[in-house]
Each structure stands twice: as structure tokens, then as C-alpha cells.
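Protein chains in written order, with the working numbering: chain W, 1 to 436; chain V, 1 to 222.
Take these hints with a grain of salt, some might be off.
As the list claims (entries may be wrong) - Calculated Cβ distances over 12 Å to all of chain W for the following chain V residues:
hint: 1; residue: A13
hint: 2; residue: I22
hint: 3; residue: V27
hint: 4; residue: D44
hint: 5; residue: E66
hint: 6; residue: A68
hint: 7; residue: R70
hint: 8; residue: E73
hint: 9; residue: Q74
hint: 10; residue: L87
hint: 11; residue: N148
hint: 12; residue: V180
hint: 13; residue: R193
hint: 14; residue: L197
To be verified - Chain W regions said to be covered by chain V (calculated; three or more residues, Cβ under 8 Å):
hint: 15; region: 29 to 38
hint: 16; region: 182 to 188
hint: 17; region: 338 to 351
hint: 18; region: 365 to 374
hint: 19; region: 384 to 391
Calculated from the structure, these hints are not laboratory results. Where is the CB? At the ideal position from N, CA and C, for every residue including glycine.
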Amino acid sequence: MNLQELVEPDRVHKRVYTDQSIFDREMTQIFERVWVYCGHDSQVPQVGDYHAVTIGRQPMVMIRGKDRQIHVLHNRCPHRGVQLCGNQRGNVGSALVCSYHAWSFHLDGRLRSVPLPRGYDGTRMTADNPDCSVKRAARVDAYRGFVFASLSATGPSLLEFLGEAKVAFDDMCDRSPVGEVEVVPVCHRVIQHSNWKFFMENQLDALHPSVTHQSTGAAAGRIEQQIKEATGAAPLYYHYLSAFASKFEQWDAVQTINFPRGHGILKAYMGLRPQDPDTRAHEALLVQAYGAEQTEAYLSRGIHHVLVYPFLSVQSPLQQLRCLRPIGPGKTLSEIWHFRLKGAPEAIYRRALWYYNLVNSPATMVNADDLENWTKGQWGLESDGGDWVSFHRNFGDDTEDRGVSEAVMRNQFRAWSQYMAETGNAGDASAAHVRR
Amino acid sequence: MADPTELAPTDDAPAVRLAQEIVQEIVIEGGGDAGVGALAIAPDHTPRAATASPRPAPLRAAAPDEAALREIEQFLYRQSELLDRKLWHDYIELFADDGIYWMPVAPEQTEWEGSPSIFAEDRSMMQVRMGRVSHPTAWSQAPMWATNHVIGNVVIESGSPDGWVVRSRFHMMELRRDTVRHFGGTYRHALVRERGLLKIRLQRVDLFNAQAPYDYVLQVWV
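Input sequences plus hints: build the corresponding full structure.
This is the structure in C-alpha cells:
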């Protein structure tokens, strides 16, 4: 299969969304090589706390060691292969003990003991043989409390990988007067019956909201207006929904910014910096902590969300993120998390919570229609009704950050092609196509 | 020439050896705990904590108010029928003016405001949801879609002439396109009487599979 024939500058072949062998190659070339989000530091506060996480096709655990470091291990006993942690989250105490033959391991994965060890005398299974310890992720690193792991020993560092997309975590944490967030210990999991790329493309697609989400935007706008007429002002969270129903021209004015490695930003459009007493109290705390000038620099970042390609959408101004775990060419699990700004007023958390509950919960009034689109999209691409997916809008000028431009998808596929090439180090060459 | 039907003389030595080898020699002790199995390896292996779940409130006096119970049951049945028939307006009318529909994430949660929730809606937000699913471009409403609720295990937790707190169980099957999904859980209704009619002040819905993966989403109240 020649992948280069499947991805052209202005269109891609449907097979990149539907073909099992291409999906398998994405797993080995992309998801099991790049830095993948494992979770937040605050998810595993105590020694022995673990959280299960899938990296590519690999079941892993993120676990807090005795040394307080976070380790990311394959969830597999090196003896006979049985998974060591049986739940999505929990605490293993001072050691990982296999439920089958009681091989035990330190929390960093090193072999601790086996029952009746003399049975291994004279065999190759000696305590110093790495095959006797739990296999670790090749690299683990964190940025501002957000933990990532890479299953490849080589490649860019976490900060090199994130590049300018690291602003996702800065924009979130800098809104806390102590510069930190902590996780809200709830993870909504929603299955998308579509290829993971549908979600990534959709996140920076500013033409779709007023079409896909018109019903919700119009309904919310009507009630928002009624409340305004009755009481003078409607709560901000109505605007979270009503903003979707705006004219095409307004969406074209909303900008996207494309970065190397497929990352990108959809700029702000919801008016998330109102001047109510809660906001002013929050800003006063930030001024106390950082000074007026720095606070202004932090709060004037106009971000709606940041995309870390190929798996993460971070809505930094509302402290939430969605992380993709691809299951198959036509099936993707999304994990949805919310964070609290440490030291910020409760009202600021509650304001963001409305977005989490209305837009990102499993009863979402927004993603209901996205998921419907992506399901139908997957079916369409699995058919023989056509071979190509068109990304021609504003083709030829990928330096212009028009909201509705399909430059976003073209940028993502430049990174994809480089990752999928045998030794490609995605991002480096594609930088030339991107402004800045 | 040997007669092929004649049996060859057998060497019974291996069978004898096996019989000798499998004579039972050891009886192991059972029933140990500390110092046995995985606990011998890691004595501080985390104990299995009981799942944190609030104890159900004790039921009211053994003999419930039969007339009240019948009225409440009929109210709950009607509510589920309005849902299944997609009579959203009439459904919302079952709620008091300050009524709340709340589906928390976990049973330990106690406050509908300020908690991560699946649904947390007052009547205005319920109007938004109704407006959305009734809109001509609610694309996700195009496929065949139906629900079927069954309510049971109705018990009165507490009551006064002005209102009741009622717990019940529900099962809901949902058909969407060609797929059936199954949901179940507990309702807890705080009911008040307004101008002679029962109204919902707070309906709490604890979905028993609230934190399982959702194959697609929930478009309307359960």
C-alpha cells in the first residue's frame, strides 16, 4: 500500500478512515510513539494509587511510586501475562501482586519477589533479568501536572512534541493564583462510532456549528431572550449554547491557528471574560499573585480550545479536556475530564461546571448532533459511493487563519503523512506550511 | 505363523509403577489466610473496601397510606408515559415552578448545584432541551427513536399532607436506529401538592450505569 497515494494536498482517500491495516499502522507509527496523555498528577495522590490508561493498543497503568514519582507501566505480569491492576482506578498498597501466582513488583515495576524462588535456580529467569520486571513506558514526563508517556525511547521531548500547543496547559493553570489545577474525579466516557480523525477535524471546524448545532443554539437563544426580558440578564451558560447559532460570516471571522505536528487552536468566541463580581474577585486574586500586567497577559489569551494532535482537545478557559482512545477504524472512545483552579473562587468552578454539564456530559445537547454526523460520516466513507474526502476550501492559502478554512485538516494530514512514513519525525517539515 | 487374533503377552510393569506413584502421600492444610497466598507476599495488600453507597433511608411506618401510595404510583406511571410518548411539554408541566431534574454522576453526591452531573436542569433549561429535540434541524432526532419505561418498587420514604419523598426503580429500553440500549436505576421524587396537583420539586435519577461508557449519548430525560 502506498500511503502517499492516499493523502494528497487537497484531498484524502476514504481508506485512511476505514482500513484496518492503516489503523494498525497508525497505532504503531503514531499512538504508540508520540507522547500520549495519561492523566493528571492529582488523579493518583497517594503512594500505590493507580489509574488504568490505554496508550495506542496497550493497556497501561499510571501509578504513584514510593518515591512519589509517577510511573507508567504495562498492565501485564511478566510471568504469564495476566493484568496486574484489575480496575480502572484504585490503590495496590505497597506492591503490585499478581492474582495468578503472586509474583510481586515494586511500584516502579521492578521485581520484588516470587514464591518459592529456588524453582528458578539455573534458569534464565534471574532477579536481574529485565524480563522478570514489569515493562515500563519508555519515557514519562509531565507538564504543569499533566502526565504524558511515550512508548518510544527516541523522538522529541514532551515539550518539543507539544510545541506551541503547550499553551493549552499554561492557559488553564495560569488562571489559578497558585498556578495549578486539580482533577475533578469523574471521567465521562462516550463511544464515537467513527474514526478518531473525525473528532480531531471537527474540533477546529468553524463552519459546522451553525449547521450541526442550530437546533440547540436556537432553542437556547429563545429561552435566553425570555430570561433577559423578564429579569434583565440571563446566566452566561445560556450563551454557551446560544452562541452555536450564529451566521456563517461570523464563524468565518473566528480564527484558527495551525501549528506543526498537527496541533492547532480555535480562538475564543464565547465571551468568557464577563465583568461580573465573581470574575472581578477572581481577577483580583490573580493580580495579587502575578501583578496586573502579567494577569492581563494571562487573561487576554483568546482561546476556545487547543488541539494536541492526534488525541487531545483542551478547553483551557473552562478547564476541561477530551482525550481520544482509538479502538478501531470506526470506533473511538472519548474520555472527558474537568479540573478545578486551585485557589480560585468556587463561583469560577461552578461557571465552568455548567459547560461541563451542558456540553460535555453524556446528556450533552451539543455533541449529540456531532456524534450523529460522525457516525453517518463513517458509514458514508465505508461505502463505494465515492473514494475521496474533500479539503479544498481555501486551498492554496494555508497561511490565512479563516475560521472556516479547511487548512486545519490539511495541516493535520501533513503531520499524519510524516508520522506514517517509515522514519518520519512529524512536524519538522510541515512547519514550512504554517504561519509563524 | 502366529495366529493374529492371539493377544500379545502384556508388560504390566508401567501400570504398576504408576499405581505406586499416585498413592496419595500429602494432605495439605487449607483455610489459611494471613501468611498464605498473595498475603504471604504482600501483607498490606489493600483490603477490599465496601463500595461507598448511602444506606437507603428507612421506610415509613409499616402500613403506608394506601390512598397516597396509589396516587403517587399513578403519578409516576403517568410521568413515564409522557416520556415514552414524547409529550415533552406535559412532562415539564409535572415539575413545580422551581422544580429540578437531576441525574448525578455518583450516589454519594447530595447537591444538584455545583456537582458534576449528567443532567442538572431547572424548568428553563428543560425548555431548551425540549426546544432542541423539537427543532426541524435536530439531526440526531431523525433516526427512529423510542423509549419504554417500566416503574416499580415504589416506596414512600416520608410524607406529610403537603408532600412526599418517594423512591422507585425504573428500567428503560431505548431503540435508536436498529440498536436497543438498556438503562436502569433509582428515582427519588420530592413531590409537593400545588393547587391540588402533585408536582415535582426535585427528581433525582441515579442511573446504575452512570459511569459506564455511553454508546452514544442521552438526548432526553430518563
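Results for each hint:
1. The beta carbon of A13/V sits about 31 Å from the closest Cβ of chain W, which is more than 12 Å, so the claim that it is off the interface holds.
2. With a minimum CB-CB distance of about 22 Å to chain W, I22/V clears the 12 Å threshold, and the non-interface call stands.
3. Residue-level check passed: V27/V sits 19 Å from the nearest beta carbon of chain W, beyond 12 Å.
4. Its closest Cβ contact with chain W, about 5 Å, brings D44/V to no more than 12 Å, contrary to its assignment away from the interface.
5. Distance to chain W confirms E66/V as a non-interface residue, since its nearest Cβ pair spans about 36 Å, more than 12 Å.
6. At roughly 32 Å, the least C-beta separation between A68/V and chain W is larger than 12 Å, which holds for a residue marked as non-interface.
7. With a least CB separation of 32 Å from chain W, R70/V remains clear of the 12 Å interface cut-off, as annotated.
8. With a least CB separation of 27 Å from chain W, E73/V remains clear of the 12 Å interface cut-off, as annotated.
9. The Cβ of Q74/V sits about 27 Å from the closest Cβ of chain W, beyond the 12 Å cut-off, so the non-interface label holds.
10. Look at L87/V: its CB is around 17 Å from the nearest CB on chain W, clear of 12 Å, so calling it non-interface holds up.
11. For N148/V, the condition that its CB be more than 12 Å from all CB atoms of chain W holds, with the nearest at approximately 19 Å.
12. Separation of V180/V from chain W is adequate, the least Cβ-Cβ distance of about 15 Å exceeding the 12 Å criterion.
13. Its beta-carbon lying about 26 Å from the closest one in chain W, R193/V satisfies the requirement of being farther than 12 Å from that chain.
14. Listed as outside the interface, L197/V is consistent with that label: its C-beta sits roughly 24 Å from the nearest C-beta of chain W, beyond the 12 Å cut-off.
15. Remark: the region 29 to 38 of chain W is not confirmed as covered by chain V, as 0 of its residues place a Cβ nearer than 8 Å to a Cβ of that chain, below the required three.
16. Counting residues of the region 182 to 188 of chain W whose C-beta lies closer than 8 Å to any C-beta of chain V gives 4; at least three are required, and the coverage claim holds.
17. Here's how the region 338 to 351 of chain W fares: 4 of its residues keep a CB closer than 8 Å to some CB of chain V, so the rule of at least three is met and the hint holds.
18. Counting residues of the region 365 to 374 of chain W whose CB lies closer than 8 Å to any CB of chain V gives 7, so the stated coverage by that chain holds, three being the minimum.
19. With 0 residues having a beta carbon nearer than 8 Å to a beta carbon of chain V, the region 384 to 391 of chain W misses the requirement of three or more and the stated coverage is violated.
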